[in-house]
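Per my numbering, the very first residue in the sequence shown carries number 714; after that it's consecutive.
Check each hint, because a few of them may be wrong.
In silico EDC-like links for lysine to aspartate or glutamate, alpha-carbon gap of 20 Å or less [stated by the list, open to error]:
id	residue 1	residue 2
1	Lys728	Asp753
2	Lys728	Asp745
3	Lys728	Glu762
4	Lys728	Glu760
Computed Cβ-Cβ distance ranges for the label pairs, DEER-style [what the hints assert, rightly or not]:
id	residue 1	residue 2	range
5	Arg717	Ala768	15 to 23 Å
6	Ala736	Val765	30 to 38 Å
7	Glu774	Leu719	28 to 36 Å
8	Pro750	Gly729	14 to 22 Å
9	Met714	Asp745	15 to 23 Å
Calculated from the structure, these hints are not laboratory results. Keep in mind it's a predicted model, so treat the numbers as computed, not measured. Ideal placement from N, C-alpha and C gives every residue a C-beta, glycine not left out.
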Amino acid sequence: MDARLLDILACPVCKGPLRYQRAEALLICRADRLAFPIRDDIPVMLEDEARVLAADDALLER
């Protein structure tokens, strides 16, 4: 992921910041507990494509 792209991306639901998880190829919104996939180096920023994370999911802690 390009660092410049990460700087301008925001959660499409709450417009909050996203955290990049390189190993899992995900962008995480901690506020909404959503994990947006990154496919072929392209973030899929659709709410319908996001995975809902459990409150105790380890991805929210990183």
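Note to self: Quick check on a hinted range of 15 to 23 Å for Arg717 and Ala768, using CB atoms only.
What the structure shows: violated, 32 Å
Next item on the list: Take a quick look at whether Lys728 and Glu762 sit within 20 Å of each other, Cα to Cα.
Entry: Cα-Cα ~17 Å, so holds.
Checklist line | Cβ distance range 30 to 38 Å for Ala736 and Val765, holds or violated | finding: Distance hint for Ala736, Val765 is violated at roughly 20 Å.
Next item on the list: Sort out whether Glu760 lies within 20 Å of Lys728, counting only the CA atoms.
Entry: The hint holds at about 12 Å.
Notebook entry, point to check: Do the Cβ positions of Pro750 and Gly729 conform to the proposed distance bound of 14 to 22 Å?
Noted result: holds, 18 Å
Check: Does Asp745 lie within 20 Å of Lys728 when you go C-alpha to C-alpha?
Finding: holds, 10 Å
Margin query: For Lys728 and Asp753, compute the direct alpha-carbon distance and say whether it is at most 20 Å.
Written below: Measuring from Cα to Cα gives roughly 23 Å; hence the hint is violated.
Notebook entry, point to check: Do Met714 and Asp745 keep their Cβ atoms within the hinted range of 15 to 23 Å?
Noted result: Since the Cβ atoms of Met714 and Asp745 sit about 20 Å apart, the hinted range of 15 to 23 Å holds.
Next item on the list: Determine whether the Cβ-Cβ distance between Glu774 and Leu719 falls within the hinted range of 28 to 36 Å.
Entry: violated, 19 Å
Taken one by one, the earlier hints fail for this structure at numbers 1, 5, 6, 7, listed in ascending order.
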